[in-house]
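**Q** Listed below are the residues making up each chain.
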Amino acid sequence: MIEVQDLTKRYGEIAAVKGLTFKVEPGRIWGLLGPNGAGKTTTMRILTGYLPATAGRARVAGHDVFDEPEAVKRDIGYLPEVVPLYQDMTVAGYLGFVAEIKQVAKARRKEAVDRAIVSSGLKDVRRRLIRNVSRGFKQRVGIAQALINDPRVLILDEPTIGLDPAQIMEIRELIRGLRGERTILLSTHILPEVTQVCDGVVIINEGELKACGSLDELADSFERTDGVVLRLRRSGAGEADLFRGVPGVEKVSVDGSELRIEWARGRDHRDDVARLALDKGLGLREMRSLAGIEDLYMNIVSGRSAQ
Amino acid sequence: MRNVWSLVKKEVRAYFGSPIAYAMMFGFLLLTGYFFYSLIMWFNLQAMRMAQNPYYAQQVNINEMVFSPLFHNMSIVLIFVVPLLTMRLLAEEKKAGTDELLYTSPLTVGQIVLGKYLAALFLLAVMLGLSALLSVFAFALGNPELAPWLTGYLGLFLMGAAFVAIGLFFSSLTENQIVAAVLTLMTLLLFLLLNWVSSLGGGAAWTKVVSYLSFSEHFEDLTKGIVDTKDIVYYLSASFFGLFLAHSVLQSRRWR
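Line order of the protein sequences matches chains A and U. Each residue of the first sequence is one higher than the one before, counting from 1 in our numbering. Each residue of the second sequence is one higher than the one before, counting from 1001 in our numbering.
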């Protein structure tokens, strides 16, 4: 549904995107990750036809972005980084205008506006001026605007930025609810969001592709070890030695008040570790998986691959 | 065309949703009203004096003595009003980031430029239309000729349309509305001055070129009821040129 090949964008001498190639299968939600300035927004702007690329090809919703920009623009929904809102319009008036310029047939326009309002939870504010609604609602209006033409492909640039935690949860829920019929590419800074919402990720840094795949695939190819982080009543060198004795455990290190216990990927010693902690009465307080998205992301972005 | 129409509706609504349209029309109508009033008063005085003398009495002409100078004054007021009308057209979208919505919807740059232009023209037409109501008094109580009055308004509209196109171009250059307005005003004043500059040349060949470029030069005949293709072509080509420049700026911005 989204296919990008050797995409390059140069601003004069500076290359914002260098030879990017990736693919998002239909019906999937993919995250586009990378530090600030990595080229996420530029990539999305090219995919939506806002910016032309210097080189390369991109196909979105079955159309070539450069040969048939109008067809692509008709079939996608796009939430830019800065939500494009006319502050002096009412929520319903604004969505009606977007429906018009997105060429939703006149007979279906009212229905399209109503549907977007319901699915984005905007019923209570539909008659309010956009300037008078809260930030969370503005963000929802942005998402409603992207959904108005019932697009097959949705491109969302940081959909949860600037929202409070409760609003973030709501927006995530909303995006998850769109899974299935639509292909979604979203960019974000918040890594847990990726594990909660996305089926896979594209990680870019300095305009270059660093990794692409489902989270499990990435963990398999970028991490040699798997393991757990343990928080005990007391986590010191003595406790670390105890765990080194567990068969299969390769490495135990003390990390502040936590123990980091690693073993070869593909094996699972979580039960053994937990049993030891309980048998010895070490006071198990917390145990969590080591290969979190944060570690994975840091490894990939900093260029450290499997050691 | 449907796309253009959607944009026109949105722009016109935006104009009337903000105080700019009202303030601008108020200013324009106030000044026009004042000029009309003082010209009529002056005309009355003259007419009474001239009526004493049968020779002069035949030369009393309300078209020449009231409407022609009124149209000239209105054209000067337009120079100050149009920049306020056009400054927000593209600059505001850029500042608010809403241009991204327009460019990622299936609208072409040409449709965007045309939609914005037509919306501003509509406002100009409303403004001129309201000012025309003043003339009702003259037509009700006197007997001015209709043709020069109509061509005068045609001239004002064509000139205003050219001003709007130039304003639209400057609005495409910046995201600061004040800058857009100031640049438009300066340019329009410059074109106004061209007429004066050419009068300094004492009939040299270059003065013809310079005076051809002046806005006011082409207005003269229209206020007298003479419709010359040359003048119409001048205003239309000025409009086209402004729109073409605005289109080029928007197009090139996206390719940079």
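A couple of the hints might just be wrong.
Unchecked claim - Computed Cβ-Cβ distance ranges for the label pairs, DEER-style:
| no. | chain 1 | residue 1 | chain 2 | residue 2 | range |
| --- | --- | --- | --- | --- | --- |
| 1 | U | ARG1253 | A | ASN132 | 24 to 34 Å |
| 2 | A | ASP199 | U | PHE1240 | 46 to 56 Å |
| 3 | A | ALA55 | U | PHE1240 | 53 to 63 Å |
| 4 | U | ASP1228 | A | ALA55 | 35 to 45 Å |
| 5 | A | ILE190 | U | GLY1097 | 18 to 28 Å |
Stated by the list, open to error - Straight-line distance between alpha carbons at most 30 Å, and here's what the computed BS3-like set of lysine-lysine pairs gives:
| no. | chain 1 | residue 1 | chain 2 | residue 2 |
| --- | --- | --- | --- | --- |
| 6 | A | LYS251 | A | LYS280 |
| 7 | U | LYS1094 | U | LYS1224 |
| 8 | A | LYS138 | U | LYS1009 |
| 9 | U | LYS1208 | A | LYS106 |
| 10 | A | LYS123 | A | LYS138 |
| 11 | A | LYS110 | U | LYS1094 |
| 12 | A | LYS110 | U | LYS1009 |
| 13 | U | LYS1095 | A | LYS138 |
| 14 | A | LYS110 | A | LYS138 |
| 15 | U | LYS1095 | A | LYS123 |
| 16 | A | LYS106 | A | LYS123 |
| 17 | U | LYS1208 | U | LYS1224 |
| 18 | A | LYS110 | A | LYS123 |
| 19 | U | LYS1009 | A | LYS123 |
| 20 | A | LYS138 | U | LYS1208 |
| 21 | U | LYS1094 | A | LYS18 |
| 22 | A | LYS18 | U | LYS1224 |
| 23 | A | LYS106 | U | LYS1224 |
| 24 | A | LYS138 | A | LYS106 |
Unchecked claim - One-sided and incomplete, this derived list gives chain A residues near chain U with beta-carbon spacing under 7 Å:
| no. | residue |
| --- | --- |
| 25 | LYS23 |
| 26 | PRO26 |
| 27 | TYR50 |
| 28 | GLU70 |
| 29 | PRO80 |
| 30 | VAL82 |
| 31 | PHE97 |
| 32 | ILE101 |
| 33 | LYS102 |
| 34 | ARG224 |
The hints are simulated quantities; they were obtained by calculation from the structure and are not laboratory data. Computed from a predicted model, the values in this text were never measured in an experiment. Ideal Cβ placement from N, Cα and C applies to all residues, glycine included.
**Q** The structure should be examined with respect to each hint, and the outcome stated for every one.
**A** Here's how the hints hold up against the structure:
no.: 1; hint: U/ARG1253 to A/ASN132: 24 to 34 Å; result: 32 Å, holds
no.: 2; hint: A/ASP199 to U/PHE1240: 46 to 56 Å; result: 52 Å, holds
no.: 3; hint: A/ALA55 to U/PHE1240: 53 to 63 Å; result: 35 Å, violated
no.: 4; hint: U/ASP1228 to A/ALA55: 35 to 45 Å; result: 53 Å, violated
no.: 5; hint: A/ILE190 to U/GLY1097: 18 to 28 Å; result: 22 Å, holds
no.: 6; hint: A/LYS251 to A/LYS280; result: 20 Å, holds
no.: 7; hint: U/LYS1094 to U/LYS1224; result: 43 Å, violated
no.: 8; hint: A/LYS138 to U/LYS1009; result: 23 Å, holds
no.: 9; hint: U/LYS1208 to A/LYS106; result: 53 Å, violated
no.: 10; hint: A/LYS123 to A/LYS138; result: 13 Å, holds
no.: 11; hint: A/LYS110 to U/LYS1094; result: 28 Å, holds
no.: 12; hint: A/LYS110 to U/LYS1009; result: 17 Å, holds
no.: 13; hint: U/LYS1095 to A/LYS138; result: 17 Å, holds
no.: 14; hint: A/LYS110 to A/LYS138; result: 20 Å, holds
no.: 15; hint: U/LYS1095 to A/LYS123; result: 29 Å, holds
no.: 16; hint: A/LYS106 to A/LYS123; result: 22 Å, holds
no.: 17; hint: U/LYS1208 to U/LYS1224; result: 21 Å, holds
no.: 18; hint: A/LYS110 to A/LYS123; result: 14 Å, holds
no.: 19; hint: U/LYS1009 to A/LYS123; result: 25 Å, holds
no.: 20; hint: A/LYS138 to U/LYS1208; result: 57 Å, violated
no.: 21; hint: U/LYS1094 to A/LYS18; result: 27 Å, holds
no.: 22; hint: A/LYS18 to U/LYS1224; result: 65 Å, violated
no.: 23; hint: A/LYS106 to U/LYS1224; result: 47 Å, violated
no.: 24; hint: A/LYS138 to A/LYS106; result: 25 Å, holds
no.: 25; hint: LYS23; result: 22 Å, violated
no.: 26; hint: PRO26; result: 21 Å, violated
no.: 27; hint: TYR50; result: 5 Å, holds
no.: 28; hint: GLU70; result: 4 Å, holds
no.: 29; hint: PRO80; result: 4 Å, holds
no.: 30; hint: VAL82; result: 4 Å, holds
no.: 31; hint: PHE97; result: 5 Å, holds
no.: 32; hint: ILE101; result: 4 Å, holds
no.: 33; hint: LYS102; result: 5 Å, holds
no.: 34; hint: ARG224; result: 43 Å, violated
Hints 3, 4, 7, 9, 20, 22, 23, 25, 26, 34 from the list above are not met by this structure, while the remaining hints are.
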